[in-house]
Amino acid sequence: MEMIHIIFLIFLGGAVLTYFSGKISKVLQDIFFLASVLVPAYLFFAYVGAGREATLSLGGITLIWGVNHFSWLFSLIVLGLGSMAAIYAIGYMKGKKRKGYFYFNFILSIMAMMGILLSIDLISFFIFWEIMTWSSYLVTIYNGHDIQRIGIKYFVFSAIGAYAMLMAIVIVHHLTGSFLMSSMINFYPNMSLSMQIWIPVMFLLAFGVKAAMMPLHVWAPDAYSNAPMAYTSIFSGALSKMGIYGMVIVLVTMINQIPQGFWFREVIAWLGGITAAIGTLWAIKQDDAKKLLAYSSVAQLGYIITGIAIGTELGMLAGLFLAVMHALFKGTLFMVTGAIEKQTGTTNFNEVTGLIRKMPWTFIAALLSIIALAGIPPLGGFVGKWMLYESLITSNHYLLVIVIFFSSTAAFLYCYKFLFGFFLGQEEKEWAHVKEAPAVMVVPMLIMAVMMFVLGTFPGIILKPINSGLMDLGFVDSFKHLWESSVILNVWGNHVVLQPILYWIIGIFVFFMIFLTWKGFKTTRYVSTKDISSSGEVPADDENLTFSVGFMQPFMRAVAPAMRRQIDKYYNGIADGLESLFEFIRRIYTGNGQTYTIYVIVFVVIVLLFKNILF
Amino acid sequence: MMKELKEKIVQRIKANFADAAEKNDFNYNRLDFTVKKETIPSILFYLKDEMGFIHLSDANCVDWLEEGELELVFIVWSPKDKIKIFVRTRLDRDNPVMDNLDMIWPQLNTYEREFREMFGVQVTGLEAPDEFILEDWQGPPPFRRDFDTAAYAEKTFWERPGREDAQDVRETIANRDGEEIPDFAKKYSR
Amino acid sequence: MEKVLLDILGAIVTFLVAFVVGMTYGGLNRKITARVQNRKGPPWYQNFIDAYKLSSKKSAIHHGVMHHLGPAFLMVTSVMTLLIVPVLSHNNWFPNLNFQGDLIFLLYIMTFGPLGMALGAGQTGNPNSAIGVTRGLSMMVGFEIPWVLALVALMIQYHTTSITGLMAVQAHSGTWLMFSSPFAFIAAVMALFGMFRYSPFDIVGAPTELASGPIAETGGKYLFVMMSSGSVFTFAKLTLYVDLFLGGADNLFILIIKTFALYLIPLLYSLVSPRYRTEQAIRWFWGWPSFFGLLAILQAIIF
Amino acid sequence: MVNDKNSQKIVDFIQNWARKHSIWVLAYGTGCGAIEIPPTMTSRYDAERLGVRGAATPRQADVLLITGYLTVKTLKRVIRVYEQMQDPKYVIGFGSCTINGGMYYDSYNTIKVLDKYLPVDVYINGCMPRPEAVLSGFARLQKRIAEGRANGAQQYKDNLEWYRANQKKIIPNWIMPEYNW
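Chains as they are written, first to last, in this note's numbering: chain A, 1 to 615; chain B, 1 to 190; chain C, 1 to 303; chain D, 1 to 181.
For reference, chain A alone in the conformation it holds in the complex (with noise of 0.2 Å):
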């Protein structure tokens, strides 16, 4: 019995028993739940290490089960939100309906991210995203509304990438006898050219769809929406990384062996780029911050796929500090979302204003996270963003750094739109009764917001585990004088260090923030929303004056030509046609015996007629 053994018993047992706790106390439901995720993750840390293998034998297949350092850094992600998003899951949920349900595919969900972290051969890697792809799938329609549009949406596509990927791992069966992936990695060059290109191409299907690269992107930002905001901040900042990962895997051991794979990833890195753009543009039209992060999410992968799709080391150490720094944020904005769900009962934005001084604890981490998200230098974003650029720069991929900027400037946006809908902006009468969210939900948020801020400082914490992690797949570590916790690495100089950077920018904030606050200390005094020049009229209490509707007005007209295609329209499209195709078809199964028989007759005197020709 392996202590990974262990774990997934855990995982399981612990989802069973989470299920049916829920009849006996909702009290032991919770505690359950978050044994069930929490001790897998103490265990997995405190005991598993890089190298434990384990086997399973199931009908004649060994299943085998390993972490290397790649792996360990992914399921750093997976436990560490996890473990978070569990936390605040215990507040959100509270007083909601089908708690059982919810938790029971929470549980599942982190077991599978971690089964398809730890899987060594292709089986029991498509049988977690099976499970993976099915639990995310049933959270997503826990609300029960609209679930022809957006679970379908979300299953179809997950459906046929997945049916790509088996039909690859039976075709890689087939050419190498053997399910280990590092058969198929080993066998790789020696495909045909047809195959190399192939398989690649239906596992970058599955992954693309996780991932949400850019013509597969589209279920993304309703099912994000749609699913409870304890849950999608996983299923945006862990449940996509898995598409990260699997395309580290095919990208990088794959197909970098063959000389044309460079065409391959150049493709692909500009699929990335091309998804923070659009990603970006969308997300700065919406109206509800669900669909506003979803989208944003999006774009956030756009950059993480082009990081790696670059494969170079300092591309890929940015897109897996970028994935790292996504897991964060976006975790923390998808919470703080939730938080004002919960608090107030809608996430629109032309509807909540004025919330920074009932929420202050929760205006704080989400005002971390957007530093963090538009990469704003103290915070970790600005990191991997900066190495990013470089990157890029330095692997000749000029037109890309402009659209990669172009779609970081943008972001500005719609993070601005963000705080300014939930947090600024007048203090409405309706929203006077909001309190704080309670202690559960914000905790998780701060320790998060306070992660990002260290490892801006301290970049070096993660980047040593990328870098162990790369050194996995095949890169040269050659940064190794460079992981002083706080210097990250300059293609073309040495080396930056960051901290006293840092200090500058802390000390002249503050430096200022005391000028203001000191002088005049008696003299400033606080007013309310309602106090402002609006020409000497006084607005009275049920007055609104925010300015939230058609918000990013003149940036859409600017951009409107970019927007007015839409990639859902050619899916319909294709979707419209198929359903006539099957319309044709089902109108020539009429099910009347007689038009069968006509048929029979028909096709009788056409054999006869053309009998001498056909024979």
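Warning: the hint list may mix true and false statements.
What the hints assert, rightly or not - Computed cross-link-like contacts, DSSO-like style, restricted to lysine-lysine with a CA-CA straight-line distance of at most 27 Å: (1) B:Lys-37 to B:Lys-23; (2) C:Lys-58 to D:Lys-116; (3) D:Lys-5 to C:Lys-58; (4) A:Lys-342 to A:Lys-99; (5) D:Lys-143 to D:Lys-9; (6) D:Lys-157 to C:Lys-58; (7) A:Lys-94 to A:Lys-358; (8) C:Lys-58 to A:Lys-530; (9) D:Lys-116 to B:Lys-155; (10) C:Lys-40 to D:Lys-143; (11) A:Lys-530 to D:Lys-169; (12) D:Lys-73 to B:Lys-155; (13) C:Lys-58 to D:Lys-143; (14) A:Lys-530 to D:Lys-157; (15) C:Lys-31 to D:Lys-143; (16) D:Lys-169 to B:Lys-155; (17) B:Lys-155 to D:Lys-168; (18) D:Lys-9 to C:Lys-58; (19) A:Lys-530 to D:Lys-168; (20) D:Lys-73 to A:Lys-530.
As the list claims (entries may be wrong) - Stretches of chain C that chain A covers, calculated by requiring three or more beta carbons in the stretch to come under 8 Å of a beta carbon on chain A: (21) 58–68; (22) 77–87; (23) 102–109; (24) 113–120; (25) 133–142; (26) 147–160; (27) 269–283.
I should point out that these hints are in silico values taken from the structure, not numbers from a laboratory.
Using N, Cα and C, we set each Cβ at its ideal position, and we do this for glycine too.
Position chains B, C and D relative to chain A; hints supplied.
Just chains B, C and D, lined up with the frame of chain A:
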């Protein structure tokens, strides 16, 4: 030409509205009818829908203090015939009540608010905010002729006392320049 | 420890120089505008008087913590930009924190302040402020494109991402980058129009339309900090351009001549321009300036 | 040292000098007088050479310039704007209407004496005052500021109850926030 047209219009209106008192001695494109209060909606509707007087030029209220009545005047204009018609009606000054007419011309809503605020006409069925131009008004309707604005202003607002050495300097100026002050101007001197 | 103290002392000196020069440029701006409009205009030191008057206002109001701290955020940006940009080529008095890759760092730290100030403006609850902020941020997306194109072209052409590196290139070759990468210079200068927010790109704080936009609720000492921050930032931006394109400067006198010559370009352009609407401004930036930026990249790749 | 009377005098002198030469005007263009402001500000008379400059909002302004008659309705807004301005602040009454009602002396809805409702530092006579008169008014204000006599705001603070009583007399439906310093 114009005369015939006017004649025709007068005939038509007389045929339809028996109580319409006509005053038709203008030698330009103007007609004048005085009707009872109850007839106002129907005659305005008739003018607008049947006779092409689709434009409301003005609506006004006149205070006939001596006769104890308020007069409402609606001026409508036909772009086709190039003729304007004054439709008048009289309301009791002590209890002026009229019906809401803004379904005929939406802009009448504004005029009716003015009637209500400035003349104290009660418009039944008018949907509009209470205050129109005057905020926090507490006195009587200010456009009625028995409202003494000077007295009201003196009572309500501070007045700056004139300087004690304020004198009528017009005579001095006139003498200096060798002019004479005409008689009619003399009564304005202090 | 002594080094840190010296650095702080030097930073204060740099700040003071930037403050004085920036304020003077602001005053000269008003003077030149007045002369062009056939007026006498205020004296050149008018901005100092205004700043002192604002700082000596006896009362101030704020609408909450973010509004209170908004000017501080803005100041961080200005001072950080100033400290990262090398003021003079060879001088110990003006310390700089610059490091390899600081151009990208600059691009991001320059957006830190506007975002912080936007948060402050948002908390006031004044609709005009929020409208102004959305316009400002949208326009920022507009002018960052040619600006980044120009910078990327420089980075490609000279294989460095640091300002000192580019200055060394100019010192080594003897030609200013303005002449060796003319298209990058043109694109960057056109982006400068947007950075200064002078007319025709001044819709952000249109006084009569938006009641001065983001700063509508700001007065007294807050406005003073914002005004000084703006002056410092003006100086920092101009110095950055001089370092990048005009070969830097060896002493303050040359620096002032060069920066002022550069400053005249957006200033004089603004005097003869009406006002663009936001989307027109964005499209303007994505038109010719971006075209020149692309030309610059082409030039960098080919040569 | 700071509390020392002489040094305070010097500080006051410098501050008054700065305030004198930097006058940001919020022109409350209620009446017909607003039309005299553009020529005052633009090329012909160029008030900017005296440091006079337009401000967009009351938070930034030093001087509230009330151009012409004030109805009860606009007086309410003017009071609001005045109370939103930051100390030190001044009021200029512009035109006869603000002094004694001018041609609206018997109007039922315009106030006649502005200084009963707001502390006026300088009046500019005329109907309308020409830009020269406006400039002379600004010069007068500058002189008063330099001498430290332009203390209308202090007067308003000290006699707030009296002003409030006057204001409430003609604005019975008082919904404004309290002026709390």
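For each hint, the structure was consulted:
no., hint, in the structure
1, B:Lys-37 to B:Lys-23, "17 Å, holds"
2, C:Lys-58 to D:Lys-116, "25 Å, holds"
3, D:Lys-5 to C:Lys-58, "19 Å, holds"
4, A:Lys-342 to A:Lys-99, "15 Å, holds"
5, D:Lys-143 to D:Lys-9, "17 Å, holds"
6, D:Lys-157 to C:Lys-58, "14 Å, holds"
7, A:Lys-94 to A:Lys-358, "21 Å, holds"
8, C:Lys-58 to A:Lys-530, "23 Å, holds"
9, D:Lys-116 to B:Lys-155, "15 Å, holds"
10, C:Lys-40 to D:Lys-143, "21 Å, holds"
11, A:Lys-530 to D:Lys-169, "25 Å, holds"
12, D:Lys-73 to B:Lys-155, "18 Å, holds"
13, C:Lys-58 to D:Lys-143, "20 Å, holds"
14, A:Lys-530 to D:Lys-157, "22 Å, holds"
15, C:Lys-31 to D:Lys-143, "24 Å, holds"
16, D:Lys-169 to B:Lys-155, "11 Å, holds"
17, B:Lys-155 to D:Lys-168, "15 Å, holds"
18, D:Lys-9 to C:Lys-58, "16 Å, holds"
19, A:Lys-530 to D:Lys-168, "21 Å, holds"
20, D:Lys-73 to A:Lys-530, "20 Å, holds"
21, 58–68, "holds (count 10)"
22, 77–87, "holds (count 3)"
23, 102–109, "holds (count 5)"
24, 113–120, "holds (count 3)"
25, 133–142, "holds (count 8)"
26, 147–160, "holds (count 7)"
27, 269–283, "holds (count 5)"
In this structure, none of the earlier numbered hints is contradicted; all agree with it.
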